[in-house]
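Enquirer: Spelled out, the chains give:
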Amino acid sequence: MTGSVVLFVVTASALIGIGLWGFLVQAHLLRRVLAFNVVGSGLFLLFGALGWRGGGVDPVPQALVITGIVVALAATAVALWLVGRFAEETGRADLPEDRREDRQEKSSAGGRP
Amino acid sequence: MSAIALPDVLTIVLTGLGLLFFLAGTVGLLRFPDTFSRLHALTKADNVGLGLVALGVALQAETWGQLARIALVWVLALVAAGLVAQLVARAALVDRRLRG
Amino acid sequence: MTVLFDLVLCALMLLAALAAIGGRGLFRATVFFVAYGITVALAWVRLGAIDVALAEAAIGAGLTGLLLLGAVARLRRAGAPEFPVRAGLVPALAAAGVAGATGWVALRVPGAGGLWTEAGEALPLSGVENPVTAVLLNFRAWDTLLESIVLLAALLAVWALAREEEWEAPVGPPLHARPGGVLEGMARLLPPVGIVVGVFLVWAGASQPGGAFQGGTVLAAVGLIAALAGLVALPRPDSGSWRTALAAGPAVFLLVGASGLALGGLLLFPPDWAKAMILTVEVFLTLSIAATLALLVLGPPQPRRMP
Amino acid sequence: MTGWLLFAAAAILLTLGGAFWRVWQGPGEADRMMAAQLVGTGGVGVAMLLAPVISWHALDVAIVLALLAAFAAVGFVKASSPDGAGDPEEAEPSEGEEGQ
Amino acid sequence: MTGEVALAVLLLGPLLAALGCLLAGRQGSTVALLALIAGAAAVVVLWDGMLRTGPIEVRLGGWGAPLGIVLRADGLAVGFLAAAVVVMGAVWAVARHDFATPRARDVFWPSSMLLWGALNAIMVSRDLFNLYVGLELLTLTAVAMVALGRGPGAIEAALRYVLYALMGSLVYLLGVVLVYHGHGTLDLDRIAAGRSGADALALGLMTAGLAIKTALFPFHAWLPPAHAGAPSPASALLSALVPKAGFVMLVRLWFEAMPDATPPAALAVMAALGAGAILHGGLMALRQERLKQILAYSTVAQLGYLFVMFPLVGGAGAGTAGAAEAWAGTQIGAFSHALAKAAVFLCAALWIRAIGSDRLADLAGLARAMPLSCFAFGMAAVSLMGLPPSGGFIAKYLVMRASFELGLPGWGLVLAAGGLLAAAYFYRPLAALFAREPPRVQRTPRLLEAVPLALALAAAALGVLSQPAYDLLQAGAPAYARGIGP
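Chains as they are written, first to last, in our numbering: chain R, 552 to 664; chain Z, 114 to 213; chain P, 59 to 365; chain A, 207 to 306; chain G, 150 to 635.
Read the hints as simulated data drawn from the structure, not as lab findings.
Keep in mind the model is a prediction, meaning the values are calculated, not measured.
Treat the hints with care, since some could be wrong.
Label pairs and their in silico Cβ distance ranges [stated by the list, open to error]:
no.	chain 1	residue 1	chain 2	residue 2	range
1	Z	122	P	81	38 to 48 Å
2	P	302	A	209	51 to 61 Å
3	P	154	A	220	38 to 48 Å
4	P	81	Z	129	26 to 36 Å
Stretch-level coverage of chain P by chain A, calculated; a stretch enters the list once three of its residues show a Cβ under 8 Å from a Cβ in chain A [as the list claims (entries may be wrong)]:
no.	region
5	73 to 81
6	125 to 135
7	190 to 197
Just a sample of chain P residues kept apart from chain Z, beta carbon distances all over 12 Å, derived [stated by the list, open to error]:
no.	residue
8	86
9	158
10	234
11	239
12	241
13	243
14	245
15	288
16	313
17	330
18	360
Using N, Cα and C, we set each Cβ at its ideal position, and we do this for glycine too.
With the hints as constraints, model all of the structure from the sequences given.
Expert: Structural data, given as structure tokens:
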């Protein structure tokens, strides 16, 4: 059974890496929320895979992962509605500091007012 | 033949057929030229595939509870697929007309 | 043969995650994320953690998908531009570093074996047979109580986004559907089935996979389908009955927890009373979770334009 | 038997890979949503095939997946309607702009 | 037993009150007042019980570690519980008049009670995952308050806050997963008893996550816009209390759970980030045009003070009398910052209500119309600068003396530089307030101005009467903080 554990641990770590990369690289806010969810599910998979033995997973990580999934949903809902409201107000879906065309002007202004 | 019990044989045959229908549905999804023919292929093949798999697994079931759940899954999938296909088709039509 | 299945499943998960994050087009990213949620739910089934698979399927594939699709539509209507992924070496190295280090340490460091034995020994005293429910609603009841309140806090944050004058408006967009149409037919057919499944999941949670969160999520989902078809009059944020529903679960949990003080300890469930106390808490908790999740997905109150 | 069921489950997963290709290509949003529907049905099939192998409670997961796979499609259809809250069937394609 | 009842009141009370406020609608503030009175009484009971019998421990559900969750009210926790009640009470007094509209009222009162409840839960929890859920609840309530702000930047500030917070809590959770893998438990004391190869990486990840949540430089970008954008009474809560939760968690992790996984280099890095926060926060505060932005950057700087103690308490200094001084000084500094920062933000709240703006130019000559609150602002500024007689001064003095004793004078000089910068960025608002301009201002009830004054006096009193605070901290302090070798 250890072969499968290694596979799931490696996959979970890779998912965390993909999600983190997506969160750091993306400027589009909805994609960053999506990347957050990928990191979250990868992290929970890692938690489950490490607690995996024979037929099932250690009940404590299972309970914590369920709690984590619900908390992640709550945070995602808040973030997505904020993104929607931000887009309605500014017509943009990225934070000012991530905007490419503002970068030149920002560097000359020397940081945020 | 006695080495494998009859229900197991039937399960293998049914799930194998189901698998083929899933394959057909996917091939249809990939090969067919336009949205509506894909939708047609997908909905038909997929649900028959699922039905066969459900029958195959039902043969392995041990309690009535499990049989009831398998039946519920199939019915739900059938209903949902039918409704969704109709909605997706209509949305595609509206989408085409707006962009058309 | 299990290795073949595991390899294909893991490949699909990675593929879906990469496509969801790397690909162009918001809508495509969202569809890939829904597909990703389904593969992760299957991974949890493969690990034998059915409780978590239920939660992931209901939340990951279900509610999160609806939230994302709604957000994509809203961004498109607000005219927010999309733009390609920016390549970046430093972020890639940082992400690879963290992921690599985590994977390496997770594989190299011998596990301490977790809490299998402790949970097993304490299970008979917990009042339920399903160990996960025992952990959630007895051993670590304080986490679950705080978590149900996190949902309420999130809803308050979402409602705070409404402008001052919008507060009197009903919650969510002005949902409507063609009378007698397919969407309305669906909204009449699925909810009864969903309610049966949801209630079953909650009731069965004591002895088999299921529980308040999974059941509550399914109930929220079918409630939303009815709302999406315009069959349900959406409440206003200041509607007393809905606020009572929101507060009922956490309130009962708090009172039951406080009553433990009289029985000798905070959040104490004496073995012979535990099952009854846990079930009461679960019933009210499910009601509140379903109401809170549904309102979270519907969003802040929005004024109805006069037709 | 478990070997066969796992093989069949792996095969259905591969067909989901095919559906991923349609999601990637598109070209229309309806095509992508259709493929997502296939992924949902395939997921239900895999969950059912795993039931006899891992745990019969996997059928509950299959039920939830079947119930909620339709849910995402409803979300898509609702989101793609002109005002984001309507129903594609309201916008009768033949009568033009009736759907706000 | 009474200790457990008091703790129950402080943990379940605020949550029940939040539900009460949600249902009470217009009477939300009265429900909140009742909860605050009960909470204050509970803190007094805890403080007294703590001094007599030492830390109060509660095994939730009777299970105890490793399966159940253990709560412990030690000196540090009771200190922050007390600071939280005082600040919440003051914010209640000022906020009663501010949140009149149904939207603001129905969101602020439940959220503030939840924020208070989450803070209390974090201060006494001994379980890593329980701390995560508490921190998430704290963050979501804080985001709700920032989103309540009416200014143009409020939505953007809340969005940036949520994004930083989301990733911070996940990075922290990744560390928790590795700890559970290595130790098989989530309880701080059982983790301290064991060793695991994953400790270094786990502590690094948890620290990074908490540094983001505590807005420690260079992860502070989200704090200034959020604290400046939120309504002023909410800003007082955000600046005075919220980042302290992440700080206390870091202290427990570094010095109580994993003292051996913290090499001197890592301790120095934490202090260096603290120094960076002090300098960056101070310099940025000098360049702001609006009072609330100055105060927000002042928070970034003041949070930097708290991390200077790391190389003094751990590493070479571990177990010496100097370490105990540095630890006690830092905690007293955290308490006095909570009181003083709440005072200045509440002053800002009163002034914005009176003249509608917090631009320095508009504040000119306000002292002649509202002398009480301007004097309170001055008193609080004295504490934030670390001048005698104030809690801030005692804190700075103890940490500087410890740094010289332990042969690491550099960190002491950093604190001195911080004090100078604080004096510089507080000079501009003070000069404006006490300028000769004839102000035209709408009357503000004297009683309201007494609230920030009370807080400022409390911050000053912490300097004069630092002995009770010192005794409280020592009473429940773990070994490293009592000058006893680990």
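Enquirer: Taking the hints in turn, state whether each one holds.
Expert: Okay, the hints, checked on the actual structure:
1. The given range of 38 to 48 Å is respected by residue 122 of chain Z and residue 81 of chain P, whose C-beta atoms sit roughly 44 Å from each other.
2. At about 54 Å, the CB distance of residue 302 of chain P to residue 209 of chain A agrees with the hint of 51 to 61 Å.
3. Against the hinted window of 38 to 48 Å, the Cβ-Cβ separation of residue 154 of chain P and residue 220 of chain A comes to about 28 Å, which falls outside the hint.
4. A beta carbon spacing of about 34 Å between residue 81 of chain P and residue 129 of chain Z agrees with the range 26 to 36 Å that was offered as a hint.
5. Given a C-beta distance limit of less than 8 Å, the hint that chain A covers the region 73 to 81 of chain P holds, as 4 residues qualify and 3 suffice.
6. Only residues whose beta carbon comes within less than 8 Å of a beta carbon in chain A count, and the region 125 to 135 of chain P has 6; three or more means the coverage holds.
7. Coverage of the region 190 to 197 of chain P by chain A is violated [criterion: at least 3 residues with CB-CB distance below 8 Å; count 0].
8. Remark: the non-interface label on residue 86 of chain P is consistent with the geometry, its nearest Cβ contact in chain Z lying 15 Å away (cut-off 12 Å).
9. The Cβ of residue 158 of chain P sits about 35 Å from the closest Cβ of chain Z, beyond the 12 Å cut-off, so the non-interface label holds.
10. At roughly 15 Å from the closest C-beta of chain Z, the C-beta of residue 234 of chain P stays outside 12 Å, upholding its exclusion from the interface.
11. At roughly 9 Å, the least C-beta separation between residue 239 of chain P and chain Z is not larger than 12 Å, which violates its mark as non-interface.
12. Not every C-beta of chain Z lies more than 12 Å from that of residue 241 of chain P, the closest at about 6 Å, which undercuts listing it as non-interface.
13. At roughly 7 Å from the closest C-beta of chain Z, the C-beta of residue 243 of chain P falls inside 12 Å, breaking its exclusion from the interface.
14. At roughly 10 Å, the least C-beta separation between residue 245 of chain P and chain Z is not larger than 12 Å, which violates its mark as non-interface.
15. With a least beta-carbon separation of about 15 Å from chain Z, residue 288 of chain P lies farther than 12 Å from that chain, consistent with its non-interface assignment.
16. No beta-carbon of chain Z is positioned within 12 Å of the beta-carbon of residue 313 of chain P; the least distance is around 35 Å.
17. The beta carbon of residue 330 of chain P is kept farther than 12 Å from every beta carbon of chain Z, the shortest such distance being approximately 29 Å.
18. No beta-carbon of chain Z is positioned within 12 Å of the beta-carbon of residue 360 of chain P; the least distance is around 23 Å.
Of the hints listed earlier, those the structure fails to meet are numbers 3, 7, 11, 12, 13, 14, in rising order.
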